[in-house]
Each structure stands twice: as structure tokens, then as C-alpha cells.
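Construct all of the structure, not just a fragment, from the sequences and the given hints.
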Amino acid sequence: QLQLQESGPGLVKPSETLSLTCTVSGGSITDTAYYWGWVRQTPGKGLEWIGTIYYSGSTYYNPSLKSRVTISVDTSKIQFSLKLTSVTAADTAVYYCARVTPGCVNCAFDYWGRGTLVTVSS
Amino acid sequence: QSALTQPPSASGSPGQSVTISCTGTSSDVGVYNYVSWYQQHPGKAPKLKIYEVSKRPSGVPDRFSGSKSGNTASLTVSGLQAEDEADYYCSSYAGSGVVFGGGTKLTVL
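Which chain is which? The protein sequence lines are A and B, in order.
To get our numbering, take the position in the first sequence, counting from 1, and add 15.
To get our numbering, take the position in the second sequence, counting from 1, and add 487.
Please note that the accuracy of each hint is not assured.
Stated by the list, open to error - Simulated pairs of lysine-lysine, DSBU-like, Cα-Cα distance not exceeding 30 Å:
| hint | chain 1 | residue 1 | chain 2 | residue 2 |
| --- | --- | --- | --- | --- |
| 1 | A | K28 | B | K531 |
| 2 | A | K60 | B | K592 |
| 3 | A | K60 | A | K28 |
| 4 | A | K60 | B | K531 |
| 5 | A | K60 | B | K534 |
| 6 | B | K531 | A | K98 |
| 7 | A | K60 | B | K555 |
| 8 | A | K81 | A | K28 |
| 9 | B | K542 | A | K60 |
| 10 | A | K81 | B | K534 |
| 11 | B | K531 | B | K555 |
| 12 | A | K92 | A | K28 |
| 13 | A | K98 | A | K60 |
| 14 | B | K534 | A | K92 |
| 15 | B | K531 | B | K542 |
| 16 | B | K592 | A | K92 |
| 17 | B | K542 | B | K555 |
| 18 | B | K555 | A | K92 |
| 19 | B | K534 | B | K555 |
| 20 | B | K555 | B | K592 |
| 21 | A | K98 | B | K534 |
If you're looking for bench data, these hints aren't it; they were derived computationally from the structure.
Encoded structure:
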């Protein structure tokens, strides 16, 4: 059974960089059928797509976040990572990593991690 | 990319059917058959219920169905059960990106 697990600091100071890692188990991050993505959910609000990556390193980013986001993949460690620079309180959210359904870059997310709450505060 | 529009709330009694709408534009819902629906219980991760407008992942009961007409997609939950009470989010492929709806809270009366 595929499992995804987010990890990283739960508290980040304003203007600093948020860094999270997603570890994939029960499946291969190098499986050519799948893309992998990050989605966040602000407290009490809806979902927001952050970006998606392929094992080869190809990336797709939300235009509203593109200038601050970097998603990378480490196939040897079966992990992919998210970096969001110059964070503000508006970036406080639960961050999820997820797998994209096969055969499409950003069609749907079929497996999700449990999510990790990141709070931006001094 | 603008968020898709969903009603903030919907409700129905056990056994009844309820339909939730999701309105987009000719740049997302209207042009791509890649509309998805997610169910989210409090404190849990979203769970995929419908993808590619009307397909159900393995294990999702056929009480959940999806459709699309023009720029509006719909999720219908038939034979409502108490466990269906949750937030529901739609999403659409939008030309290399993804856009989500604001969510609908479904209450089972």
C-alpha cells in the first residue's frame, strides 16, 4: 500500500524559508506513470495547489507562488521536497504531499500524506 | 488561475440524494475532462472520490457519481449515509496547473 509522509519544521519565522520533505513508501517515486505534488490548506479555508514534479525533475508551479517555490526530487532517497521562500503569516497552513493519478500531469491526486501543519510566526 | 465556485453548504436526509455544483470557466472545467472531487473529514487528508469527471477510484461506492455540462461540474451522492457528512472539494486541470473549489460542507440531517 502506497504511503506518503511529510516531515519538516512546524514553526518558521517570517521572511525565512519553509522546507518540507515527503517520503514515499510502498511504491516507487521513479515509476514513470506518476507525478508527485504539494497541496496546502490554510486554517479553515480550502485547498491550494502548490506544484508538481516528475522523477526526472520536470516541475509545474502555481503561478501565484512560482517566484517563491522550488520542488525537487531525490530518487535515491525516495523523497521529494518543497521549499517556499520569504514566508509570511499567510503561508501558515497544513501542507500535504500527494501522488497524481497515472497518465496525466495534474489531473487528480489519488494518494495523500496525512499533512503537516506549518505555522509562520516569530 | 481563479478558484472554482462551490456552494458553501448542502444538506440532505439519510437515504436521499444531494448534488453539489462546481462552476469554473472555459479555461478549466469547460475545456478539460479532468474534474475531480475530494471528500475531507475533519482533521483528515482529502480522499479522492471522483476523477476525470465521472470515474470512481477502486473502493469508492457507486453512490458517488460525477458529471459535467459546460463550465459546471456536479457531484451527486445518492443514498446519503451519516458517514458522508464531510467537506467536498472539486478541482480541475487548468492547462498544466490545478485549481480547486472553495469547498462545500455536506450535512446529513
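Comparing the hints with the structure gives:
The hinted pair formed by A/K28 and B/K531 meets the criterion: a straight-line CA distance of about 26 Å does not exceed 30 Å. Taken as a hint, the A/K60 and B/K592 pair is honoured in the structure, with Cα atoms around 12 Å apart against an allowance of 30 Å. The straight-line distance between the Cα atoms of A/K60 and A/K28 is roughly 22 Å, inside the 30 Å bound, and the hint therefore holds. This hinted pair checks out: A/K60 and B/K531 have alpha carbons roughly 14 Å apart, not beyond 30 Å.
With a C-alpha separation of about 17 Å, the suggested pairing of A/K60 with B/K534 holds against the 30 Å cut-off. The suggested pairing of B/K531 with A/K98 holds, with an alpha-carbon distance near 23 Å, which does not exceed 30 Å. Between the alpha carbons of A/K60 and B/K555 the distance comes to roughly 25 Å, so the proposed pair stays at or under 30 Å and holds. With a C-alpha separation of about 20 Å, the suggested pair A/K81 and A/K28 falls inside the 30 Å cut-off, and the hint holds.
Straight-line distance between C-alpha atoms of B/K542 and A/K60 comes to about 26 Å, which keeps the hinted pair within the 30 Å bound. Proposed proximity of A/K81 and B/K534 is supported: the alpha carbons are some 26 Å apart, at most 30 Å. Between B/K531 and B/K555, the direct Cα distance comes to roughly 27 Å. Compliance with the 30 Å bound is thereby established for this hinted pair. In summary, the hint linking A/K92 to A/K28 is supported, as the alpha carbons are separated by about 28 Å, within the 30 Å threshold.
Of the pairs offered as hints, the one joining A/K98 and A/K60 holds, with about 22 Å between alpha carbons and a cut-off of 30 Å not exceeded. A threshold of 30 Å between alpha carbons decides the hint, and for B/K534 with A/K92 the separation of about 26 Å falls inside it, so the pair holds. Annotation: proposed proximity of B/K531 to B/K542 holds, straight-line Cα distance about 23 Å (limit 30 Å). For the hint pairing B/K592 with A/K92, the CA-to-CA distance comes to about 38 Å; that exceeds 30 Å, so the pair is violated.
With a C-alpha separation of about 12 Å, the suggested pairing of B/K542 with B/K555 holds against the 30 Å cut-off. The straight-line distance between the Cα atoms of B/K555 and A/K92 is roughly 41 Å, outside the 30 Å bound, and the hint therefore fails. Of the pairs offered as hints, the one joining B/K534 and B/K555 holds, with about 20 Å between alpha carbons and a cut-off of 30 Å not exceeded. The suggested pairing of B/K555 with B/K592 holds, with an alpha-carbon distance near 20 Å, which does not exceed 30 Å.
For the proposed pair A/K98 and B/K534, the alpha carbon gap of about 25 Å is at most 30 Å, so the pair holds.
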